[in-house]
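Undergrad: The lines below spell out each chain.
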Amino acid sequence: MSAVNSLVPARFLTIIAHLVIVITIFWSRENNIKACLPLDFTQEQYDNEDKKLVVALAVTLGLFAIELAGFFSGVSMFNCSQGLLSTGVHASASVALLFFLFEQWECDIYWWILAICSVLPAFVEILLFVAVFGLKKKPL
Amino acid sequence: MSSITNSDGNIMYSHIQAVGGSKQTLPFNFNSEEEELPASCFHGNQTWRQLSSTPLQVLLHLNTWYFAAFYLAEILMFIYKGISLPYPSDNLVLDVVLLVIFLGLETLRIFYGWKGNLCERSLASCASLFILFPCAALAVYYLLLQTFVLRLEFILSAVLLCFYSLELLLGLLSISAFSRSKVY
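Chains as they are written, first to last, in our numbering: chain A, 36 to 175; chain B, 14 to 197.
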């Protein structure tokens, strides 16, 4: 099935692209934090926003671990719907996070990107884990 | 090995010549669209077990795609760096030449690893592991030692080194499997 043969590497590459951008944002988050604070900010406000963004990024990395575990263990590697969802969602997350990084958007927008583009595929991945290991269905 | 097909085009029986010289007949129900070969089966007086490592094959396949994307990104970043950063021209030439060498080495490594794993041959897999060391050295060069290291290059080379470490581990395990059970 040639469609599946090109879906698997596409899904993998978009996951890695999203991961690379998340790690880049982790590394250079000062400008984004300064963008969501008022012009005269205290160090305490800065540390507050910094902590929130670090928590969001750490949650993203955890959800990546779940999805990559499902992908490499074979549970969802050949599942076409999860592959399509994952490819689309991670590609749009990569584009949105590129804008987040370069246009220095505010920190609140990151929670939206996290909810739509990281929580959703990880949730479907957990459903597939339950279906394969719990309900003993064949992983397609 | 000859086979008898019915009117649907499915293979019904395959005659397999076993080593002992006697002809064995096995019923195979091959769906022409999905071929499911078992990982081990018993015919004649031998048990055939699959020695090729599936995780290694998956990693090599994904590594091919990842290296293609990595190479494209590196070329674009070198164009960006060459224009906007103050390079002494010797260093730029060295970096670009090492990039060309990286392409050749990586292609060779993945080819030998792929063929060695699928044909269960230890010599090709050993060649692949041997070439892995200069490839890893080049990845470390692009991670740490080159003239100007961009953050993106750092992360991409780090992911490539993760691939290499997993492939080294799985390659060693598969070579030990291949060379331990030499039937002929």
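Quick caveat, the hints were computed from the structure, so don't treat them as lab data.
Predicted model only: the values in this text are computed from it and were never measured.
Glycine residues also receive a C-beta, built at the ideal position from the N, C-alpha and C atoms.
Don't take each hint at face value.
Residues of chain B placed beyond 10 Å of chain A at every Cβ, according to the derived structure [stated by the list, open to error]: (1) His74; (2) Tyr79; (3) Leu89; (4) Phe124; (5) Tyr154; (6) Arg164; (7) Leu165.
Looking from chain B toward chain A, a few residues come up when the C-beta cut is under 7 Å (computed) [said to hold, decoys possible]: (8) Leu75; (9) Trp78; (10) Ala82; (11) Leu85.
So the derived label-pair ranges between C-beta atoms look like this [as the list claims (entries may be wrong)]: (12) A:Glu138 / B:Ser53: 53 to 59 Å; (13) A:Ile144 / B:Ile96: 27 to 33 Å; (14) A:Asn83 / B:Ala86: 45 to 51 Å; (15) A:Glu138 / B:Ile114: 18 to 24 Å; (16) B:Val153 / A:Ala104: 23 to 29 Å; (17) B:Leu179 / A:Lys172: 24 to 30 Å; (18) B:Thr77 / A:Glu138: 32 to 38 Å; (19) B:Val153 / A:Asn40: 31 to 37 Å; (20) A:Glu138 / B:Val172: 32 to 38 Å; (21) B:Arg134 / A:Trp62: 27 to 33 Å; (22) A:Ala93 / B:Cys54: 32 to 38 Å; (23) A:Pro174 / B:Leu121: 21 to 27 Å.
Undergrad: So, for every hint listed, does it hold in this structure?
TA: Going through the hints against the structure:
1. Not every CB of chain A lies more than 10 Å from the CB of histidine 74 of chain B, the least distance being 7 Å, so the non-interface label is violated.
2. Its closest Cβ contact with chain A, about 7 Å, brings tyrosine 79 of chain B to no more than 10 Å, contrary to its assignment away from the interface.
3. Consistency note on leucine 89 of chain B: stated as away from chain A, and its beta-carbon is indeed over 10 Å from all of that chain's, at 14 Å minimum.
4. Once the 10 Å rule is applied to beta carbons, phenylalanine 124 of chain B is consistent with being away from chain A; the minimum gap is 17 Å.
5. Every CB of chain A is more than 10 Å from the CB of tyrosine 154 of chain B (nearest about 19 Å), matching its label as outside the interface.
6. Consistency note on arginine 164 of chain B: stated as away from chain A, yet its beta-carbon is not over 10 Å from all of that chain's, at 6 Å minimum.
7. Against chain A, the non-interface label of leucine 165 of chain B is violated: not every CB pair exceeds 10 Å, the least being about 7 Å.
8. The criterion of a C-beta within 7 Å of any C-beta in chain A is met by leucine 75 of chain B, whose closest approach is roughly 5 Å, and the hint holds.
9. For tryptophan 78 of chain B, the suggested interface contact is upheld, since its CB lies about 4 Å from the closest CB of chain A, less than 7 Å.
10. Among the interface hints, the one on alanine 82 of chain B holds; its C-beta lies about 6 Å from the nearest C-beta in chain A, closer than the 7 Å criterion.
11. The beta carbon of leucine 85 of chain B comes no nearer than 11 Å to any beta carbon in chain A, farther than 7 Å, and the hint placing it at the interface is violated.
12. Checked against the hint of 53 to 59 Å, the C-beta distance between glutamate 138 of chain A and serine 53 of chain B comes to roughly 56 Å, which is consistent with it.
13. Between isoleucine 144 of chain A and isoleucine 96 of chain B the Cβ separation comes to about 32 Å, which falls inside the hinted range of 27 to 33 Å.
14. Range check, asparagine 83 of chain A to alanine 86 of chain B: about 35 Å between beta-carbon atoms, so the 45 to 51 Å window is missed.
15. Look at glutamate 138 of chain A against isoleucine 114 of chain B: about 38 Å separates their beta carbons, and that is not inside 18 to 24 Å.
16. A C-beta distance of roughly 27 Å is found between valine 153 of chain B and alanine 104 of chain A, which places it inside the suggested range of 23 to 29 Å.
17. The beta-carbon spacing between leucine 179 of chain B and lysine 172 of chain A, approximately 28 Å, falls within the hinted interval of 24 to 30 Å.
18. A C-beta distance of roughly 34 Å is found between threonine 77 of chain B and glutamate 138 of chain A, which places it inside the suggested range of 32 to 38 Å.
19. As the Cβ distance of valine 153 of chain B to asparagine 40 of chain A is approximately 32 Å, the hint placing it in 31 to 37 Å holds.
20. Between glutamate 138 of chain A and valine 172 of chain B the C-beta distance comes to about 26 Å, which lies outside the given range of 32 to 38 Å.
21. Checked against the hint of 27 to 33 Å, the pair arginine 134 of chain B and tryptophan 62 of chain A fails, with Cβ atoms roughly 43 Å apart.
22. Here the CB-CB span from alanine 93 of chain A to cysteine 54 of chain B is close to 47 Å, at odds with the stated 32 to 38 Å.
23. Restraint check, proline 174 of chain A to leucine 121 of chain B: a C-beta distance of roughly 34 Å breaks the suggested window 21 to 27 Å.
Checked against the numbered hints above, the structure violates hints 1, 2, 6, 7, 11, 14, 15, 20, 21, 22, 23; every other hint is satisfied.
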